[in-house]
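Novice: When you get a sec, could you build the whole thing from the sequences and use the hints?
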Amino acid sequence: MKYLYQDSVKLPIERDFILDLTDLLKLTVAVYPLENGIIAANKEIESERHARDRKVARLDAFERDVGVQLGEIIADDATYEMKICKDATSEACTSCADEQRAKIESDFDASFSDLTEKIDYNSGEMRKVLAPFLESGVYDTSQRYSLASEGGGVLHGEFEAEVDGLSFVYELEFKEPVLVKQLVGVFSIPIPERAGLFQREDVLKMRDISNHRMVSVEYTDEHTIAEFKDRKGEKAVRIEMQHDTNNYSIVYGNAEPINLTKDESILKEIDSAEVIYLMQEVIRCVKDTEKRGVSMLKTMAFDGVDVIEESIIFDGLKVVFAKYGKIASECIAHGAARDELVVKIESENGARSEKYMPISTIESCLSEIGEKGIELAGVFGMDTLK
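In terms of this note's numbering, the sequence shown opens at residue 1 and continues consecutively.
Keep in mind that the hints were calculated from the coordinates and are not lab data.
Honestly, I wouldn't trust all of these hints.
Simulated pairs of lysine-lysine, BS3-like, Cα-Cα distance not exceeding 30 Å [what the hints assert, rightly or not]:
| hint | residue 1 | residue 2 |
| --- | --- | --- |
| 1 | K175 | K235 |
| 2 | K235 | K268 |
| 3 | K372 | K118 |
| 4 | K372 | K355 |
| 5 | K2 | K291 |
Derived CB-CB ranges, DEER-like [stated by the list, open to error]:
| hint | residue 1 | residue 2 | range |
| --- | --- | --- | --- |
| 6 | V56 | E222 | 50 to 60 Å |
| 7 | R101 | A148 | 47 to 57 Å |
| 8 | P257 | D109 | 51 to 61 Å |
| 9 | D98 | A148 | 51 to 61 Å |
| 10 | G165 | R58 | 44 to 54 Å |
| 11 | D16 | S111 | 40 to 50 Å |
| 12 | E256 | G293 | 33 to 43 Å |
Everything numeric in this text was worked out from a predicted model, so none of it was measured.
Think of the CB as a built atom: it goes at the ideal place given N, C-alpha and C, for glycine as much as any other residue.
Specialist: Next comes the structure, spelled out in structure tokens:
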């Protein structure tokens, strides 16, 4: 797919901008009441904590005052009987105060438990709302996938991304192991071996690694490193490719690994196109959300502060809206009208379609969330679009 402005100039992203913007607006409206619920619950916790502390302080003061008063009553005329009554009264007061303090603490703990449960629920719901969007919907991020498997099992690990102080981390786990043949079909590499009946000599043999499993992947903006092993965990193949040049290296073996790409005689037997294709498929596989059994947003932070835990999600969303606002501004500049955003989509067969979003739709969504919506509209550049 190709994504173009209305005048057929390419967008700076290979994404359906109108769809992404629609999703961004929906999640913004969805997280607003959830965050407000967390803020309200935290305020209620603080209020109840202060109320608890005041009640306990007053009980403590009452208990002390009773002791002082009892002491003053019998100070000048204390008989044995009066001392007995004074001690009994003091013990009763202390016992009653202890019971009331325990009740105050119990009531606070019950309320605290209910409120923290609400906070945890809202935080979980916010992550569910954000998770489908952030990985691919936040533009211009620096990204890192770090995945590994145990004993040739499913890949699991983390995805991290960062842009302009906004960062987020996902926990990922694939549904099933990934074989080389599932990525590219038959795949072989030349391996130097000793052969010969009477005179042993080094020869190159093509080793089929189609049944090797992908056991680790590291993907960054600069390179991809993938390691493959057979079922026994032996005969490892490690391939590293630089994205900007497609230059690659292949290392074979475990105990005494051989860099196949450093030997010119071996290198000329390697099909570079197939290696590059394999690594491109590795990247495609790593980013394929359909292959995952688990994709859980762990954290979303702005300037190192967890925006969900600290109820400042809109500080993070400002970064996203600023990115989207720049593209929206270009949509207007490359379009025929100033009251709507238009993007052309060109399929592989050359068919074209257009997608629209009225500016009024953006204004309407952001107006639903009051002052925070006004701030988001500001960083989006709404005033400049009109």
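Novice: Run through the hints listed earlier and report the numbers of any the structure violates, in increasing order.
Specialist: Of the numbered hints given earlier, the structure breaks none, since each of them holds.
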